[in-house]
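Okay, here's what each chain looks like letter by letter:
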Amino acid sequence: MEFLIDILRWVLNNFLFIITIAIFSAYVLLAAFSAMTLRKYLRKNSYVDYNSIILSPLAPSISLIAPAYNEGKSIVENVRALLSLYYNNFEVIVVNDGSTDNSMKECIEAYNLEKVNYYFDYRIPCEKIRGVYKSKNRSFYNLTFIDKVNGGKADALNAGINVSRNKLIVSIDADSIMEPDALQKMAKPFLEETGKKVIGTGGVVRIINSCEIKSGKIRKIHLPKNFLARVQVLEYTRAFLMGRIAWARLDGLLLISGALGMFDKETVIKCGGYSTKTVGEDMELVVRMRRYMVESGQKYVVTYIPDPLCWTEVPSSLKILGRQRNRWTRGTAETLFSHKKIFLNPKYKSFGIFGYTYWFFFEWLTPIFEFFGISFFILYAIFSTPNWPFAILLFSFVYTFAVSLTVWAVLFEELTYHKYEKKRDVLRLIGTAFLEPFLYHPLTLVWAVKGNWSFLTGQKSWGKMDRKGFGTKKNSDSSAT
Amino acid sequence: MALFFNISFFFSGNKVSLPKKKIILLTALFLVVQNSSACFLFPAEEERMHLIEAESLLTAAYIEDVSVEPEDSGKVISKADSDTLAYESVAEDTFLKDLDTRREGALLIKVLIAFIIYSIFSMLVLLVVILLHRNKLELVEKISQELKEKYQGLLMDYLFDEEHEPEILERINKAAGDKFKREILMNQMQDLMVNLSGDAADRLSELYYKLDLDRDSEEKALGPKWHIKVKGFRELALMNVTRVNDEIIRCLHSKNSILRMEAQLALVRLGEEDRFAFLDHLERPFTLWEQLNVHQTIVSHNLEIPSFERWLNSDNPTVVIFSLRMISLFSQTGSWKKVAEHLDSPFEKVREEAVHTLGELRVKEALPNLKQHYKDEIYENSLEIVKAIRKMPDESVLNFLKLVIDKEDDIQLQIEAAKAIYEMGDPGIKALQKIMKSEYKNYQIIIKHVLDRRI
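Protein sequences, first through last, are from chains A and B.
If you count by the numbering used here, then the first sequence holds residues 1 to 481, one letter each, in order.
If you count by the numbering used here, then the second sequence holds residues 1001 to 1455, one letter each, in order.
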């Protein structure tokens, strides 16, 4: 008994340290899994001829749903990019979610749209659809434009699902740019389905800030000039190339990014569509779909494509980034709490035991622990005398480990897709990795704590995310406000 | 511990009201901070307090040469311990001694230092690897490009300059001396072969044998690594070399899905008597991806199409589905009766595909059969039946379709039924107009939708 008490005391005394070691171990394991999965995928992928999907009458039909709210600056170009994707059998459904700007007018003029007698069922509840528009120009036959009362992104996606006529749906942010072959790559896992039903596929999202864009297509890829945007390149690289790929392999994936995801429509409808009660509707949907499949006794799989399939603009001002992170934290907390039944529940297998637990401790709780740990240390340093040499040693350990992990992520990117052509860009990226723990990471902790506070106080807003649009030749990232 | 109790309560499945949630979370956070007061960051500080206390006691112990017990620790400090403490207090100005003097603490420090050194070292190594990799990529790209251009010229010379054939052959042999270069040459030949036919294709094939590249391809196909095998299969299929067909057949049952599919595709090209015999022996599910690629191979190489009716009795339902699809895509109308038999299949997907195939074949004789199965089918298949009926408009099903509009609640079914009526031409349009006059509001919207040609 005394022995157990000693162990318990030791655990409590070293709580933060244990958490740190656990996180680092998890990162190392995930990185190892990712490396193995990436290697296998790239080798297999080198033999895949995606053109066969474009040409084949057997390829599944797909509905792309792009919700748009006040995207007037970029909507025309972005819809054009969506319409020019390399796929044979797809429709683009743009959902104007009650925009107050000129989004609708721009689209009507650019695509020669007119209201049609389109009949659909509200299979998933959503705000009133005021009208469905089709183009008079036959070259835009696969474009459908929905005008509806504002209800938020999730509500707009639900409206798009109600109008969609195809078995597979793709949710995409209207302000993101998809790789031309993204649909082929995302459809492939659905074609490879055997005993397990494929319910969703995600893809890697990359950062578009500072890239050169013309007619809704990326002409040249550059590393963002803005520090905040550049540091997010590192974050995204770590998250996608070292995290989600591994989680998909371990069957514990909880999140398919809202910027791009392909889903089986019937499963989405049976689950009730996107939840309008959370700001993390993308994560919540995946978790709910997985729960539904387990609870209805169906075998299923959620897959992930390591290829960069979508490019999105990230915030380059502290104010906007803070709002975004606040929302992400709230979304995570809301999803985790509304599905608490899954926590360590063996019924949900890897998803419940590992996936959910990882998100709970490492994605949601850790920033809070870290924030309070650091705050406590600062207070202790002010009011008492910490063991400075040991503290420095420990911080050095955390710092060097964090930076080396990021450099590994850069190596993953370099060995796989090496999207940044200039050697200088890669070196700048590594240089940013050295600054990140000091200049950026503390901010993410503050935002996470604020996000949790907003969650506790029941704040529901999305926060404003102003975009500059992709119409310009070069997507400057100096001052998004 | 209390923190974990709180967390487990959180997830106990009880509905917790928000204020209670807040209290629990704040308690949890408070406990984390409280626990961290003795956290690992300050072990030596805590220890030092003990040591100061212990030292003062030990001074007395040295004088009296007896063991003493500090008030709060309950631990007896022996003379041996006191020697250590005396040594440590002397050495306390050295860096490591100042960190932590406990044995496990010292080990931890060593581990931390080792990790720091490892991290710094790995960062430097990774940086070098990244830069070297980038240089290598650029170099390989440059050399490959140069070689590609060179081989393109040589291959063109060979194909269209028969007079200087021996010289050109020697130049090609010389230019493709090592494995890397032969690989690039082979890739160039593959790219070229796809776009050639007739004499030019024959000459290229001849060159393939003259350069002994067939041996390379065979070696690849017989090798142990799957990705090399796949390359070999592709080359052999393109150049129509059948010598290692046995190995390809063996790979039809591989666990590796890519290898399995490449073996199927190679056999479709190389199968001398029966290209599709592999379908008789497929044990694993024949995925849509594999089916799509086989279909694409048939179409792009203009291969002879067998009667797929032969596989409608396969024990593997995915092979049956593939056969149904091929019957539909190659319009093998003569097989419709066999297809209709699958409307009673125990597999939902097979039934759905059979309905779809009958629709694509536009066999009006199958209409009564389809109508008959409508009621007992699952939703997806019922919808497919109405879609199939739409493809073969016939007044004999008008009343049936009216019933679908009238009795079904599902909008998709109603719209498809209305579209099927519309496809009947004048009688159908008249029938729709009559239905529109009905008082039931939805009919008008449905029919307006169907009549709107812009959709």
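Incorrect hints may have been included.
[Claimed, not checked] Derived CB-CB ranges, DEER-like:
#1 1365(B) <-> 349(A): 45 to 51 Å
#2 36(A) <-> 1333(B): 47 to 53 Å
#3 180(A) <-> 1242(B): 35 to 41 Å
#4 1346(B) <-> 443(A): 55 to 61 Å
#5 167(A) <-> 1242(B): 37 to 43 Å
#6 1372(B) <-> 39(A): 33 to 39 Å
Quick caveat, the hints were computed from the structure, so don't treat them as lab data.
By construction, the Cβ of each residue, glycine as well, lies at the ideal position given by its N, Cα and C atoms.
Do the hints match the structure? See the list:
Checking the proposed 45 to 51 Å range against residue 1365(B) and residue 349(A) shows it holds: the Cβ atoms sit about 49 Å from each other. Between residue 36(A) and residue 1333(B) the Cβ separation comes to about 50 Å, which falls inside the hinted range of 47 to 53 Å. Separated by about 38 Å at the C-beta atoms, residue 180(A) and residue 1242(B) satisfy the suggested range of 35 to 41 Å. Between residue 1346(B) and residue 443(A) the beta carbon distance is about 60 Å. The supplied range of 55 to 61 Å therefore holds.
A C-beta distance of roughly 40 Å is found between residue 167(A) and residue 1242(B), which places it inside the suggested range of 37 to 43 Å. The beta-carbon spacing between residue 1372(B) and residue 39(A), approximately 54 Å, falls outside the hinted interval of 33 to 39 Å.
When each numbered hint is compared with the structure, a violation occurs for hint 6 only.
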